[in-house]
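Participant: Throw the hints in and build the complete structure from the sequences for me.
Residue numbers (our numbering), protein chains in the order written: chain F, 2 to 388; chain X, 3 to 300.
No lab work stands behind these hints, which were simulated from the structure alone.
Please note that the accuracy of each hint is not assured.
[As the list claims (entries may be wrong)] Calculated pairs, BS3-like style, for lysine-lysine (alpha carbon to alpha carbon, straight line, at most 25 Å):
{"hint": "1", "chain 1": "F", "residue 1": "282", "chain 2": "F", "residue 2": "371"}
{"hint": "2", "chain 1": "F", "residue 1": "314", "chain 2": "F", "residue 2": "258"}
{"hint": "3", "chain 1": "F", "residue 1": "204", "chain 2": "X", "residue 2": "36"}
{"hint": "4", "chain 1": "X", "residue 1": "200", "chain 2": "F", "residue 2": "204"}
{"hint": "5", "chain 1": "X", "residue 1": "271", "chain 2": "F", "residue 2": "206"}
{"hint": "6", "chain 1": "F", "residue 1": "204", "chain 2": "X", "residue 2": "20"}
Please read all numbers here as calculations on a predicted model, not as lab measurements.
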Amino acid sequence: MSKQYLSGDEAFAAGIRLARPEVVSAYPITPQTIVVERLSDMVEDGSLDAEFIHVESEHSALSCAIGASAAGVRTFTATSSQGLLYMAEGLVYASGGRFPIVMMNANRSTALPWNIYGDQRDSLALLDTGWIQAYAENAQEALDLALLSYYIAEHKTVSTPFMVNLDGFILTHTYEEVDVPEQSQADAFLPKYETENCFDFDKPKNMAFSAGPDTNYIFKFKEHAAMRRAIPVIQEAEAKFAEVFGRQYTGLIDTYKTEDADYILITLGTIAGLSREIADKLRAEGKKVGVLRIRYLRPFPTDEIAQAVRNAKAVAVLEKDISFGAAGTVFTNVTSALQTAGLNVPAYNFIGGLGGRNISHADIEEIFAKTEQGTQRVNFIGIEVEA
Amino acid sequence: MSITAKNLDQNEYFFGHKACAGCGGSLAVRAALKVLGEHAVAVLPAGCMSAVGFNFPQLCFANNAIISMFAGTASMLTGVEAGLRRRGITDFQAVGFAGDGGTADIGIQALSGAIDRGDNILYICYDNEAYMNTGIQKSGLTPFGAKTTTTPAGSNIHGNLRPKKNLFEIVAAHDIPYAATATVGYLPDFLNKVEKAKSIKGPKFIHVIAPCPTGWGIPVSDTIEAAKEIADCGLWYLAEYENGRFTLNRDPKEFTSVEDYLRRQARFKHLTDDDIRVIIESRDQKWAHIRSNWNTKE
Numbered sequence: 002m003s004k005q006y007l008s009g010d011e012a013f014a015a016g017i018r019l020a021r022p023e024v025v026s027a028y029p030i031t032p033q034t035i036v037v038e039r040l041s042d043m044v045e046d047g048s049l050d051a052e053f054i055h056v057e058s059e060h061s062a063l064s065c066a067i068g069a070s071a072a073g074v075r076t077f078t079a080t081s082s083q084g085l086l087y088m089a090e091g092l093v094y095a096s097g098g099r100f101p102i103v104m105m106n107a108n109r110s111t112a113l114p115w116n117i118y119g120d121q122r123d124s125l126a127l128l129d130t131g132w133i134q135a136y137a138e139n140a141q142e143a144l145d146l147a148l149l150s151y152y153i154a155e156h157k158t159v160s161t162p163f164m165v166n167l168d169g170f171i172l173t174h175t176y177e178e179v180d181v182p183e184q185s186q187a188d189a190f191l192p193k194y195e196t197e198n199c200f201d202f203d204k205p206k207n208m209a210f211s212a213g214p215d216t217n218y219i220f221k222f223k224e225h226a227a228m229r230r231a232i233p234v235i236q237e238a239e240a241k242f243a244e245v246f247g248r249q250y251t252g253l254i255d256t257y258k259t260e261d262a263d264y265i266l267i268t269l270g271t272i273a274g275l276s277r278e279i280a281d282k283l284r285a286e287g288k289k290v291g292v293l294r295i296r297y298l299r300p301f302p303t304d305e306i307a308q309a310v311r312n313a314k315a316v317a318v319l320e321k322d323i324s325f326g327a328a329g330t331v332f333t334n335v336t337s338a339l340q341t342a343g344l345n346v347p348a349y350n351f352i353g354g355l356g357g358r359n360i361s362h363a364d365i366e367e368i369f370a371k372t373e374q375g376t377q378r379v380n381f382i383g384i385e386v387e388a
Numbered sequence: 003m004s005i006t007a008k009n010l011d012q013n014e015y016f017f018g019h020k021a022c023a024g025c026g027g028s029l030a031v032r033a034a035l036k037v038l039g040e041h042a043v044a045v046l047p048a049g050c051m052s053a054v055g056f057n058f059p060q061l062c063f064a065n066n067a068i069i070s071m072f073a074g075t076a077s078m079l080t081g082v083e084a085g086l087r088r089r090g091i092t093d094f095q096a097v098g099f100a101g102d103g104g105t106a107d108i109g110i111q112a113l114s115g116a117i118d119r120g121d122n123i124l125y126i127c128y129d130n131e132a133y134m135n136t137g138i139q140k141s142g143l144t145p146f147g148a149k150t151t152t153t154p155a156g157s158n159i160h161g162n163l164r165p166k167k168n169l170f171e172i173v174a175a176h177d178i179p180y181a182a183t184a185t186v187g188y189l190p191d192f193l194n195k196v197e198k199a200k201s202i203k204g205p206k207f208i209h210v211i212a213p214c215p216t217g218w219g220i221p222v223s224d225t226i227e228a229a230k231e232i233a234d235c236g237l238w239y240l241a242e243y244e245n246g247r248f249t250l251n252r253d254p255k256e257f258t259s260v261e262d263y264l265r266r267q268a269r270f271k272h273l274t275d276d277d278i279r280v281i282i283e284s285r286d287q288k289w290a291h292i293r294s295n296w297n298t299k300e
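Facilitator: Right, here's the structure in full:
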């Protein structure tokens, strides 16, 4: 293991190198670019033995990855924002075909208006495409998710593609000290990819076929069931990860001082760090507050969230996303979890950070204050809207 | 040794499918797979052949095969080829079978990318001159004057206003190692081009005319005749591009009647004498260009 000073993109690329993908197909887009540049360097200097395929679009990046996965090898691609949207057809294709491709998505705003900075509207708009979706908070977690994602996606009971999300610029371009594991450790953690979901010259296969009304939904049910089976596999993967690397992750969610908290801020990605800092400050002032970071949006931690907030007086959901005409998508999912559990905990949605707009200390303090006082259901940080 | 009806592989690799009677596309796929054999890995985008061949649980390829996204035939071929090579498998041919729309329209970007990368793939475009799977809509390879459901023939507009996209030369302009045109009407020529392509490393492309009786408005028994006639009357040509040079494989001394070819098909029934004159003029221009610029042999 070596300590290195890496950006989120670089850390992720370092993790991918350790995962030994056989085929990497990617198309450049800010702020993902550094990942594919580093992987190209690694292929050039021989530290990554993979085919790097210079595809002519994101659509082809995923199409190529699906083809390589159907050939039976570990594959990687990366994108962001418009590129992810351009791939959208391929997302449902990969998940429907149960191809355990890993993709890094640099969370970035979607046009119009054009904007290259971070928000989570790109991946959240594609939440229903059948991909496992994880959100990293820091560069170390990003690197670790590069390895964990393959373990989980390729697990025989799961066989589902995996999207690791890194907040654009705030994580992709911020340098931190990162533990980079040795290849021998990575190899001890991550088994070689072996699958029957691929071409076979002894028993030829017809793959990615059509299924009519009688059978189609059975395939869709199986897709759903496999995604739910990822929950225990995530635990299994994290336990093994802790054994090999000495870092223990916490499954679908990560809680901070929620046990006795009256008010809990639920969020995802890098903003969780600042949220915890503010929680500490408010705790020092005698307020019982906590933070719940969603690590996985799919499979969704329905039970885990309900369990964590069951004794709270109110919860806030802070997200860099809006489903126009409704509310933030994370909020909708969270309130559904509360309802499913029969919890009558007031929940307030705070939308912020769209197009990379800063979310300040004061903003988060205000979120906690409004949550305590009670406010309207959907709030836009820094914009006064009538209830 | 050239491929003939006598030495053609008697095994079938594409059967039990739901293609219409007289389908030229299914003939092209079936025949090409006989040349490529059991180690062909076929990639087919959305289109007629995937629609008729992959209906779970009735799966119709005896070799490995997969449906790609509509725009993704070539990019999936790239991934399949790279993935199998990484597994240490060497004895295979990644082959795409895409229709005219899947190739010349929605798939042309991915095709261009794969040729540009020099990927070791064979791409076969079976051209029935419209989006037949969705019910006969105009594609970039629909010829001038053809009636389709999106280029209706009325008193104001006589079917498709645009000429057929020059796909063969667009592909050749990439300096591809091998490209060829063919027609299922001259099957041995097509099969020997597939055989030749198989032996060449890098991207290979074959554009084969494959009539669709339903879309063309001809009897199902006339597929082969129409596929011969299109070449005989000069509205199609048999050619190759190799080592940077175009070669015309067949240079008819005299063309058969364009008018007879067109009049036999319901999609051209509405054409006026003036329309047909335009078609003949454009044919003559094309052949003047071919004969003065390409290597001609026979």
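Participant: Confirm or reject each hint.
Facilitator: Against the structure, the hints come out as follows:
1. 282(F) x 371(F): Distance of about 16 Å is within 25 Å: holds.
2. 314(F) x 258(F): Answer holds: residue 314(F) to residue 258(F) is near 14 Å, not above 25 Å.
3. 204(F) x 36(X): holds, 18 Å
4. 200(X) x 204(F): Holds: residue 200(X) and residue 204(F) sit about 23 Å apart, inside 25 Å.
5. 271(X) x 206(F): With a Cα-Cα distance of about 44 Å, the restraint between residue 271(X) and residue 206(F) is violated, given a limit of 25 Å.
6. 204(F) x 20(X): Holds. Residue 204(F) to residue 20(X) sits at ~23 Å (cutoff 25 Å).
Of the hints listed earlier, the one the structure fails to meet is number 5.
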